[in-house]
Amino acid sequence: MLKIDNLQVSVGDKKVLNGVTLEVSAGEVHAIMGPNGSGKSTLAHVLAGRPGYTVTAGTVLYEGHDLLALPPEARARAGVFLGFQYPVEIPGVNNVYLLKAAVNAARKQRGLPEVDAFDFLGLVREKMQLMQMDDSFLSRGVNEGFSGGEKKRNEILQMLVLEPRLALLDETDSGLDIDAMKVVAQGVNSLRSPERALVLVTHYQRLLDYIVPDRVHVLARGRIVRSGDRTLALELEKRGYDWVTGQAA
Amino acid sequence: MNALQAFDLPTSRDENWKYANLKPLAKVRFEAAAQAADIALDALPAPIDGYARYVFVDGHLASALSSTATPSGVTVEFPKLSASQSIVPAAKSRDLRFAALNESHATQGVRIATAAGAERTGCIELVFVATADAQTASSYPHIEVATGERGRLILIERHVSLGSDNNFIDSAVRMEIASGARVEHYRLQEAGPKSTWIDTLSAHVARDAAYQIYLLNLGALSARSTMSIELAGERAELALHCASLADRQQVHDAFAQVEHAAPATHSRQTFRGIAAGRARAAFNSKVVVRDRARGADSYQSLRGLLAGPDAEIDVRPQLEIHTDEVRCAHGATAGKLDDAMLFYLLSRGLEPQTAQRLLKWAFLEDVVAKIAVPQLRAQIEQGLAGQFL
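Order-wise, the sequence lines are chains A and B. All the letters of the first sequence, read from the start, carry residue numbers 1 to 249 under the working numbering. All the letters of the second sequence, read from the start, carry residue numbers 1 to 389 under the working numbering.
Just so you know, these hints were derived from the structure itself, not from any lab. A virtual CB, placed ideally from N, CA and C, is assigned to each residue, including glycine. Treat the hints with care, since some could be wrong.
Said to hold, decoys possible - Subject to a maximum C-alpha distance of 27 Å in a straight line, what follows is the list of computed BS3-like cross-link-like pairs (lysine-lysine):
1. A:Lys100 / B:Lys194
2. A:Lys100 / A:Lys127
3. B:Lys336 / A:Lys100
4. A:Lys151 / B:Lys194
5. A:Lys151 / B:Lys27
6. A:Lys100 / A:Lys14
7. A:Lys151 / A:Lys100
8. B:Lys80 / B:Lys370
9. A:Lys108 / A:Lys182
Said to hold, decoys possible - Some residues of chain B that are not near chain A, with every Cβ distance over 10 Å (derived):
10. Leu4
11. Thr75
12. Lys80
13. Ser202
14. Gln249
15. Arg292
16. His330
17. Ala340
18. Phe343
19. Ser347
20. Pro352
21. Thr354
22. Ala355
23. Leu359
24. Glu365
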């Protein structure tokens, strides 16, 4: 589904990714771990098409197509979803309005009619229940006045409604207490399926107790320095990143 | 001698007028239109349920288009104004000269008085229609409001153009808010695309009274609003919210002077302006806190959004404080759409154009969402959607 080959990325003069190679197949969950500043978030944002990054070398194929050639909105409509580490607040744009606009944008792409407003609200309510979000969410602005935990839940809610084929979740666990993390994990797990792939970017192993990955990769200084199964994450937890990166994290 | 000279009207060289576009004045015939043109009821904005509506066409009351019953607790009169009223321009501050021009030219005004007591809220809608071409005649809307103590009033004031889109409209509002009274004042400027709208509002707010102004600048080629509000009594409050949507060659300029003249007075100002094309949206506000106004609290939040490389935003909060123990804060920004917000929307699959329109809409919602008359808000949002979508 996703094939990254020797991806090199700069921000300004600074090289952030130094040749990342990674392959993710449908049905798989991959975790990308690494110390702060290792390039984890950059990787997620480059895949989603955030401006400000320069790809200097390498290729990214998504379902056989050149992902990097697409503008961000086309990637989203093709089924790529980025769950933000710091979701932005957009006062004045209603949560449900955005969800509906997003779903309709994807449907339009596929030649489908717009969703029925009533059915759609029912779907949103159902997913909100799963994410333990209360009704006030429906009338609020996007992330407006949300706590850190509410913002993360909202990201997962959007993901559940949009049903992406490839979800990139950037530090979705950061700032969550254990109960909130369970709710978020439950949401993510509900979306696992043989047709979908998930890439979790995380600093800590903790989230992986709840969302069990098929593969774990350690990113350091802009490249993947080690890959393994979930036991790699447990080992990292015990021994710290120095163990694989060979320098102070 | 023409009116420009006779009234010694401000020019763009005056400090408080440098952002206004006064050039169209050179081609204006300042005489008031002699009579009202005939207009059809369905040419007007849809009426608001529960509001008594009074329609003025080129400064003349159009009885056939107006309510016949006055809402209880309110008296509404339509004084004939004599064009020969003596005016001494020098007696007025230079910023208020256009009000002097109005007083000398207006033919018929509207005088609204609310009874004392909070039992009933008077709901009034005034629609001022300009039809005369500025080279032929001008329009002088003239409003005087006086509330009784603890009186309640919701006033909707709309300015629209019909027939010609090149009007000169010089409107003047005088607002006296008695102690404990509350007035919500919605002001919609939807004049024709070649029109000039010059507006002067003076308000006096007594103790424990509250005045809320919502000014929406949507139309006109050149619009200028001068608002002078005195918080005269203890704990008097003002909320002034202004939104401006300017495109093409439009210039929307507003200047507010808010005077805290008594202790514990409170003012809030919000401006959200979008300028696209070669347009300019300006909001300058000066808050003056007098020495007797201990405990005054004022906040100005002025934000402009540049929606094009040739557009201009001017926001300037000013403070003049003559006492201690006050809380005065302000924030002023002028910038482009927020990149992080834009990317967030794109990352959800929205088209760039849709995302931009949505963010502009959201920007104005800081003001529009505060409109507490649902039907009016719906009309405004519909109008905005028409401009955005």
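Checked hints:
1. A:Lys100 / B:Lys194: violated, 38 Å
2. A:Lys100 / A:Lys127: holds, 14 Å
3. B:Lys336 / A:Lys100: Satisfied, since the Cα-Cα distance of roughly 26 Å is no more than 27 Å.
4. A:Lys151 / B:Lys194: Given pair lysine 151 of chain A, lysine 194 of chain B is violated - Cα atoms ~46 Å apart, limit 27 Å.
5. A:Lys151 / B:Lys27: Outside the cut-off at roughly 56 Å; violated.
6. A:Lys100 / A:Lys14: Violated, because 38 Å separates the two Cα atoms, which is more than 27 Å.
7. A:Lys151 / A:Lys100: Distance ~18 Å between lysine 151 of chain A and lysine 100 of chain A Cα, so the pair holds.
8. B:Lys80 / B:Lys370: Roughly 35 Å separates the two Cα atoms, so the pair is violated.
9. A:Lys108 / A:Lys182: violated, 34 Å
10. Leu4: It holds; leucine 4 of chain B is separated from chain A by about 42 Å at its closest Cβ, greater than 10 Å.
11. Thr75: holds, 39 Å
12. Lys80: holds, 45 Å
13. Ser202: holds, 32 Å
14. Gln249: holds, 27 Å
15. Arg292: holds, 37 Å
16. His330: It holds; histidine 330 of chain B is separated from chain A by about 19 Å at its closest Cβ, greater than 10 Å.
17. Ala340: Given that some Cβ of chain A is not farther than 10 Å from that of alanine 340 of chain B, nearest at about 5 Å, it is violated.
18. Phe343: Not fine: 6 Å to the nearest Cβ puts phenylalanine 343 of chain B too close to chain A.
19. Ser347: violated, 5 Å
20. Pro352: Proline 352 of chain B is in fact no farther than 10 Å from some Cβ atom of chain A, at 7 Å.
21. Thr354: Threonine 354 of chain B is in fact no farther than 10 Å from some Cβ atom of chain A, at 7 Å.
22. Ala355: Incorrect as stated: the minimum Cβ-Cβ distance to chain A is 8 Å, not above 10 Å.
23. Leu359: violated, 7 Å
24. Glu365: Non-interface label fails for glutamate 365 of chain B: nearest chain A Cβ at 3 Å, not farther than 10 Å.
In summary, the structure is inconsistent with hints 1, 4, 5, 6, 8, 9, 17, 18, 19, 20, 21, 22, 23, 24 from the numbered list given earlier, while agreeing with the others.
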